[in-house]
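S.K.: Start from the sequences and build out the full structure, keeping to the hints where you can.
Protein sequence lines correspond, in order, to chains A and B.
Going by this note's numbering, the first residue of the first sequence is number 277, and it counts up by one from there.
Going by this note's numbering, the first residue of the second sequence is number 277, and it counts up by one from there.
Take every hint as true, because none was put in to throw you off.
Intra- or inter-copy, both count: the list cannot distinguish identical chains.
Here are the simulated lysine to any residue pairs, SDA-like style, with alpha carbons at most 25 Å apart:
id, residue 1, residue 2
1, K442, Q316
2, K442, T296
3, K442, A366
4, K376, R485
5, K376, P278
6, K442, P303
7, K376, M277
8, K376, A366
9, K376, F486
10, K442, W306
11, K442, A305
12, K442, D346
13, K442, S377
14, K376, I279
15, K376, E406
16, K442, G311
17, K442, P307
18, K442, S309
19, K442, L375
20, K442, L304
21, K442, S425
No lab work stands behind these hints: they were computed from the structure.
Residues per chain, in single letters:
Protein chains: 2
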Amino acid sequence: MPIVDLTHRIADGMSLFPGTPLPRITPLAWPDSDGYAEKQIQLTGHTGTHMDAPAHVFSGATTLDQWPCDRFTGSAVLVDCRDYDGPVSADCLDRIASLKSLDFILFRTGWERYWGTPHYARQGPYLSQELALALAALPLKGIGIDALSPDPIDSSTLPVHTTLLKHGILLIENLRGLDRLPSDRRFELTALPLLYADSDGAPARVIARF
Amino acid sequence: MPIVDLTHRIADGMSLFPGTPLPRITPLAWPDSDGYAEKQIQLTGHTGTHMDAPAHVFSGATTLDQWPCDRFTGSAVLVDCRDYDGPVSADCLDRIASLKSLDFILFRTGWERYWGTPHYARQGPYLSQELALALAALPLKGIGIDALSPDPIDSSTLPVHTTLLKHGILLIENLRGLDRLPSDRRFELTALPLLYADSDGAPARVIARF
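M.R.: Below, the structure is given as structure tokens:
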């Protein structure tokens, strides 16, 4: 069964949401002098490929560590929306053969090609509010996108975030490798967030199997 | 398909290897004042439920980010070795019905019951060198244990680490929930480490499906 890694590596030169602190990886011990290697990792819960919980936008709402891990895996489909200019409208859902028993929808905007360049943090494709409302009406576990946010970068109201997270639909941002997924059939998605206390968001390792 | 989370949560009061810095989770933004929540996470690559790569003990050896993600999932079996006192000897492998096409072996020592107490960092069960050599001869992807280390806590030479990691058998430490796994049949293990540069070890989210 082919496995595809949909995760960006946390490393120097990675793209970040404007204002997010740079991640830092600091060696603490070395095999030659200490007998083992160990590094300190400093990053935010919204760095790199990561997942947003309702608590990311709603005070006191559910955090990722409150969800059982079956929320993080299921049946997924890719929607290629590289042909949309600006907001992706709800009619893109017509491209999905069946919505029955579907857990995740991944939106391929093509924006991942700018990862690691300043262009990645500029305004790219995003989901329309009409699409967010259509998604919120589906019994989804989550949606994913190969860009910094499903909302416009400069949005202060985050309408797509709030619409989806209000319905407990988690968001996976900064996916990569969507070109390696089948476009004509479902696959199994496993998106496992770092398990830490009160996680409004968390770096996640995301893989697909088909 | 039942899913079991085998991951400890990174939180205040968690157990740590003696000398490992305390993890720190620091709020950076709040929904009420900033419109979104975000937290800074500081931890080492060997904090909580985590995975060791060969670079943990061998200078210049393979790091986790150099491995494709199919190294992190496969067919697994549980070995209950709660009846061993001190080192777990190689004869525990006789408890496995078949070693054919097996990717992971998880050792249930029962030590996880001390998690979050000072007792967890005291000397508990560990794997004998004879067992490590027997494991190194198998085509395994990895082994796991519900304790801080498969080596004695005060070991400076880490014989089990070096024997297994020399053969590219990754180590998963501080597992939890092994009592919820089937003891009479195989299950599918998915142990996904945080993907960061030069990762000699990384916190991992570990789940089992059966």
